[in-house]
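Chemist: What follows is the residue order along each chain.
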Amino acid sequence: MLRYIAKRIFLMIPVLLGISFVIFLLMYFTPGDPAQMILGDMADKEDVEALREEMGLNDGFFERYFRYMGDLLRGDLGTSYTTKLPVWDEISVRLPVTAKVAFFVILFAVIIGVPIGILSAVRQYTIIDSITRVLALLGITMPSFWFALLLVLLFSVRLGWLPASGLYGPSYYILPIISISAASIAIITRTARSSMLEVIRQDYIDTARAKGQKERVVLFKHALLNALIPILTVVGIQFAGSLGGAVVNEQVFAIPGIGKLMVDAIKARNYPLVTGSVLVLSLLQSMVNLFIDLLYAFVDPRIRSQYSRDKKKKKALNGAVTANAGMAANKRK
Amino acid sequence: METTKKLLEIKDLSIHYFTEEGVVRAVNNIDFELMRGETMGLVGETGAGKTTTARGIMGLVPNPPGRVVGGEILFEGKDLLKASNLEMRLHRGKDFSMIFQDPMTSLNPILTVGDQIAEVIRLHEKLSRKDANLKAAQILEMVGIPAERMSEYPHQFSGGMKQRVVIAIALACSPKLIIADEPTTALDVTIQAQVLELMRELQEKLGTAMLLITHDLGVVADTCNKVAIMYAGQIVEMGSLEDVYDNTMHPYTKGLFGSLPSLSMKSKRLVPIDGLMPDPVDLPTGCPFHPRCPDCKESCKSRAPVKTEVSPGHYVRCLRYE
Chain A
1 MLRYIAKRIF LMIPVLLGIS FVIFLLMYFT PGDPAQMILG DMADKEDVEA LREEMGLNDG
61 FFERYFRYMG DLLRGDLGTS YTTKLPVWDE ISVRLPVTAK VAFFVILFAV IIGVPIGILS
121 AVRQYTIIDS ITRVLALLGI TMPSFWFALL LVLLFSVRLG WLPASGLYGP SYYILPIISI
181 SAASIAIITR TARSSMLEVI RQDYIDTARA KGQKERVVLF KHALLNALIP ILTVVGIQFA
241 GSLGGAVVNE QVFAIPGIGK LMVDAIKARN YPLVTGSVLV LSLLQSMVNL FIDLLYAFVD
301 PRIRSQYSRD KKKKKALNGA VTANAGMAAN KRK
Chain B
1 METTKKLLEI KDLSIHYFTE EGVVRAVNNI DFELMRGETM GLVGETGAGK TTTARGIMGL
61 VPNPPGRVVG GEILFEGKDL LKASNLEMRL HRGKDFSMIF QDPMTSLNPI LTVGDQIAEV
121 IRLHEKLSRK DANLKAAQIL EMVGIPAERM SEYPHQFSGG MKQRVVIAIA LACSPKLIIA
181 DEPTTALDVT IQAQVLELMR ELQEKLGTAM LLITHDLGVV ADTCNKVAIM YAGQIVEMGS
241 LEDVYDNTMH PYTKGLFGSL PSLSMKSKRL VPIDGLMPDP VDLPTGCPFH PRCPDCKESC
301 KSRAPVKTEV SPGHYVRCLR YE
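Chain order of the listed sequences is A and B. With the first letter of the first sequence counted as 1, position 14 gets the number 14 in the numbering used here; the numbers rise by one all the way through. With the first letter of the second sequence counted as 1, position 143 gets the number 143 in the numbering used here; the numbers rise by one all the way through.
Same shape as in the complex, but just chain B (with noise of 0.2 Å):
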């Protein structure tokens, strides 16, 4: 059945930015899969390449200076990196859109929400700008705004608020897949949890799979059911909910786990990952985690991990487990 295919599928994904200062290899051979209707978390800290693997899936790595180097992004079989920009321009909203993460900036400030929510309707849907009006309307009270306010302009909204309308752009032709790019970090905490309540509802309602980006493992345990976790540029563990949380594999997992404080386990210290993020332009030899590794062994120095599958779904790229 169409239904249970899968509906994205990444495979051996690089992405690289060509600057002056070098190659920045924001992206290194990365897969996942997504099924329809299903919600996965990429997780990572900053600079890990997630915003990067978002944006390569929507076609909007700014190029020059970044570049799909390889690898293959399948959308329901189809390779969107053969794709012609006409192509990509009829997918971009229709079948595939984004939240980006500042809602603030993320709203054109001299246009009324409403022709902008009506915007992509009539980019993608033949309707008259009064249906498409009335279609805004809709998909606006659908995200909890009055539809009075159609006619204001974003400076009149809330950050909150003005996430909503963002979510309601996404939405608004119900698209097979948001991705959707740390969609809460800009805002209140209070806000934070109703937004994603406000997601995860749209999402069960619409059918539609989801591609949250974040660095917020809370926020992924409430939302997801699978978790990739990214290191620079790679996935290093990846697996359903379960697997990633009480199996957890990856010696950066577990950091990452070491450094959230805990109400059940009466700790002493949080733990945090020793040392930073490695720069992308010099990446370390062998494994990228390494120099940050507290289970680090020689030869984790000199030899690259490859993916490797610990239990059915569960995967990591760590030398211990190969």
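Same shape as in the complex, but just chain A (with noise of 0.2 Å):
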């Protein structure tokens, strides 16, 4: 297991290499100049060429690359254009920030979402059902700022009951949670509709009611259980996507997370804040997943015994080893 984890991790580096090239890249074709972008529209043209100059713009892509990735490997994303702080300095205050939404609005996506799903399916053709449905069809194809706009008009400017911008307590957190998890909420109970189903139609499942099992047993340690598999994907590929998602949502709610970091950080062509932000995001989305597949295991015997088969698969080489080695040994005689 614990080669696995090591296994997965060292993955992550080919992974992170690619990404930050791509962003390099599209940086580097970024129409736009930094240089001017700080020192406004007015500045004399030697003083910007100057500035290109100390900032190391006028170099080529590859050689500013290399030294961007030397300092990486370092430890050094670099220094903010705007603020003259280091990126990391920026990020780690803005990261918590998106970090903490995501969590809440993963969190709250399950509490509402797998119950509803696993309601809809054991009631599966009812009224319940039918409308979980078209509920979970309408999160799904609902954009999230549209959404966002009218529960801020509804619960901010017509109830004024909920504040519409910003995060300075509790009750801000209310307004983007629900409009963020709509989408999550909907495909997560979507996915615990079909995966419940499914089960719910197995044999295990008489097995377990013909021991006299309560009907909530049954559900929750058989079915449900086994169910979690699919569950699990989406709930992954939905935290992720909240993460990467802060873009948009924190511009509409004026989060300040590291969405609203980076689309600032865009505008102002500031190519270390930017790289930075996506290097980090990307780490997180690769950590998260690292975590599902983990969990995976934790609920999955069979996934489980295929990570531990790795050590019976070198004792199996081990032992073809010295076969040959008798062989040959024979072969000599």
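Since the hints were derived computationally from the structure, they do not count as laboratory data. Hints are supplied without guarantee of correctness; some may be wrong.
Which residues of chain B face chain A? A few of them, derived with a C-beta cut under 10 Å, are [claimed, not checked]: (1) 32; (2) 64; (3) 108; (4) 109; (5) 123; (6) 138; (7) 154.
Cross-link-like lysine to aspartate or glutamate pairs, in silico, EDC-like; alpha carbons within 16 Å at most [stated by the list, open to error]: (8) A:214 x B:87; (9) A:221 x B:148; (10) B:94 x B:76.
Listed below are several chain A residues computed to face chain B (Cβ distance under 8 Å; list not exhaustive) [what the hints assert, rightly or not]: (11) 198; (12) 202; (13) 206; (14) 207; (15) 210; (16) 211; (17) 212; (18) 213; (19) 216; (20) 225; (21) 226; (22) 245; (23) 300; (24) 302.
For each residue, glycine too, the CB sits at the ideal point set by N, CA and C.
Taking the hints as your guide, dock the two standalone chains into a single complex.
Modeler: Structural data, given as structure tokens:
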């Protein structure tokens, strides 16, 4: 298991390398001059040119890329063009905000989505099921920023119950969480429903009932645990999605998270900050994926045994090696 | 004496499925009895209503769309159809239990086999977790699996071993009745014999009655005292093993035997039964077997036969014997 985790973490390196290259390339070709942005439109041509030279913007692409990667290997994400602060300092302030919102979003989505999905599956083709399916379809098709605006219109503007923007206390979280999680709730509900529907038709569910087990235990212990793998998969995707989706949602609610930081950085052609933010988000996403994959093994013994098979293979391989050695020795005789 | 009495008595039981295509009449007015410790074979083709009958007794007919539309299921004289959900739950696993057809899918893949056996013990016996595990280990040994394998998961067992575990679950609380729904169909022939032998052995040891559902007349001959032949949701012939095997009456039963290869008789060809089982949504008028019956007369097409006792304990549902 530990070997597996180590392998997965090792595999993140090429992924991050690829991402850094693509982002660097994109930023390189993006029109706009950071030096000009910093000095303003009225700045002298010579001043701009001098700043470009100082920032290393006149160097070739590969020279800049390798310089960046060299710094990165030493743990240095660079310096923000606008604030002159280390990029990591800027990100480390904003990232927890985004992560916190994403965590609550996914928690809320699981708490609402999974039970509704189960109920919908158990009561298939009833009114409850029909209503759930329609609402889920609505949740998936509706753009979250539009839903967010409707919510703000109703609860902040009309009723004045909840704040519309910023993040200064618990009540500020309510609208963002509801609007961002709507789609996740819908997807998790649908997945939980279809996964449960498949599982409750299995023979082992009847075996459990034939034991005289309570229906509640049959559903939660025997059915839900088996239905969990697809649900975990979407939860992981949704969590990653709500990190990436922060770029849009944080604009709507003016949440001071990494999404807003990134948008502002792109506007200012603040290359190091953009690249750094993307890399950190990618790393986080990879970690979430790894965590979900480990959860699979925790839930399903069949997957667990696959992870430990590495060891067995190695043993078998050693066996083969000694057998080959033996054969070679025999031949020599 | 209590021990000589009937264990299970089914009277006029009908189970239908209400689907969009129409009413599927899976089980129609069947009656049979099972004494304590007795083994009865319920034989029929796929779709004859054998499994539905079994599920009816267990109270596990999927509802919707299935529903018991009439009759009585008396277990030790008590009508199970009138029992509450709670009462049924207390019966299931303790007084009667079921072995399902496919051992590959009958075990929960994410629980250890030990847990799955201990589960039924803890449901019906007031034992601590430790004692339940101890008993589960004993039962596992009883079905021929070393107790060390308790902590293994179903995917680590072969098909025959899995069926042994399923049998262990079914027998864990020493039920009075076991319903085995084609317990060996999904297994290799060599394993089939082992599993049947094991079931027979344990059944004798525990004095359990068994309703063995199968389409294999050979298995019935090996295991059962009594046979009921089912066709299109009805029992067309029922009696002791000797009655049905040596004094076959119903044309359908004769057809079943005719389609079996035999070593002793040098027959030219096997004689299959022409045609297919009728659609249970749209059963033929009169005798449901008449479209396939070689002895069909005009009256068979309009008049439904009733259960007729041709000799003590040997019943046939055919107009020729009325």
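Chemist: Hint by hint, say whether it matches the structure.
Modeler: Consistency of the hints with the structure:
1. Of the supplied interface hints, the one on residue 32 (chain B) is violated, with its beta-carbon coming no nearer than about 21 Å to a beta-carbon of chain A, more than 10 Å.
2. Because the closest C-beta pair between residue 64 (chain B) and chain A is about 8 Å apart, less than 10 Å, the hint holds.
3. At a threshold of 10 Å, the smallest CB-CB gap from residue 108 (chain B) to chain A is about 4 Å, leaving the interface hint in force.
4. Of the supplied interface hints, the one on residue 109 (chain B) holds, with its beta-carbon coming within about 6 Å of a beta-carbon of chain A, less than 10 Å.
5. The interface hint given for residue 123 (chain B) is met, as the beta carbon of that residue sits about 5 Å from the closest beta carbon of chain A, less than 10 Å.
6. With a least beta-carbon distance of about 18 Å to chain A, the hint placing residue 138 (chain B) at the interface is violated under the 10 Å criterion.
7. A least Cβ separation of about 9 Å between residue 154 (chain B) and chain A falls short of the 10 Å threshold, and the interface hint therefore holds.
8. Taking the CA atoms of residue 214 (chain A) and residue 87 (chain B), the gap is near 11 Å; set against the 16 Å cutoff, the hint holds.
9. Taken as a hint, the residue 221 (chain A) and residue 148 (chain B) pair is broken in the structure, with Cα atoms around 24 Å apart against an allowance of 16 Å.
10. Restraint check for residue 94 (chain B) and residue 76 (chain B): satisfied, since their Cα atoms lie roughly 14 Å apart, inside the 16 Å limit.
11. Given hint, residue 198 (chain A) at the interface with chain B, is violated; its Cβ is 12 Å from that chain's nearest Cβ, farther than 8 Å.
12. Taken as an interface hint, residue 202 (chain A) checks out: its beta carbon lies about 6 Å from the nearest beta carbon of chain B, inside 8 Å.
13. Among the interface hints, the one on residue 206 (chain A) holds; its C-beta lies about 6 Å from the nearest C-beta in chain B, closer than the 8 Å criterion.
14. Contact between residue 207 (chain A) and chain B, as hinted, is supported at the beta carbon level, the nearest pair being about 5 Å apart and thus within 8 Å.
15. Nearest Cβ of chain B to the Cβ of residue 210 (chain A): about 5 Å, under the 8 Å cut. The hint holds.
16. Evaluation of the residue 211 (chain A) hint against chain B yields a held restraint, the C-beta minimum of about 4 Å falling below 8 Å.
17. Taken as an interface hint, residue 212 (chain A) checks out: its beta carbon lies about 4 Å from the nearest beta carbon of chain B, inside 8 Å.
18. The interface hint given for residue 213 (chain A) is met, as the beta carbon of that residue sits about 6 Å from the closest beta carbon of chain B, less than 8 Å.
19. Here the hint on residue 216 (chain A) is broken, as its CB sits about 11 Å from the closest CB of chain B, past 8 Å.
20. The interface hint given for residue 225 (chain A) holds, since its Cβ lies 6 Å from the closest Cβ of chain B, which is under the 8 Å cut-off.
21. Below 8 Å, beta-carbon pairs count as interface contacts, and residue 226 (chain A) has one with chain B at about 6 Å; its hint therefore holds.
22. Using the Cβ-Cβ criterion of 8 Å, the hint placing residue 245 (chain A) at the interface with chain B is not satisfied: the shortest such distance is roughly 32 Å.
23. A least Cβ separation of about 6 Å between residue 300 (chain A) and chain B falls short of the 8 Å threshold, and the interface hint therefore holds.
24. Below 8 Å, beta-carbon pairs count as interface contacts, and residue 302 (chain A) has one with chain B at about 5 Å; its hint therefore holds.
The structure fails to meet hints 1, 6, 9, 11, 19 and 22 from the earlier list, while all remaining hints are met.
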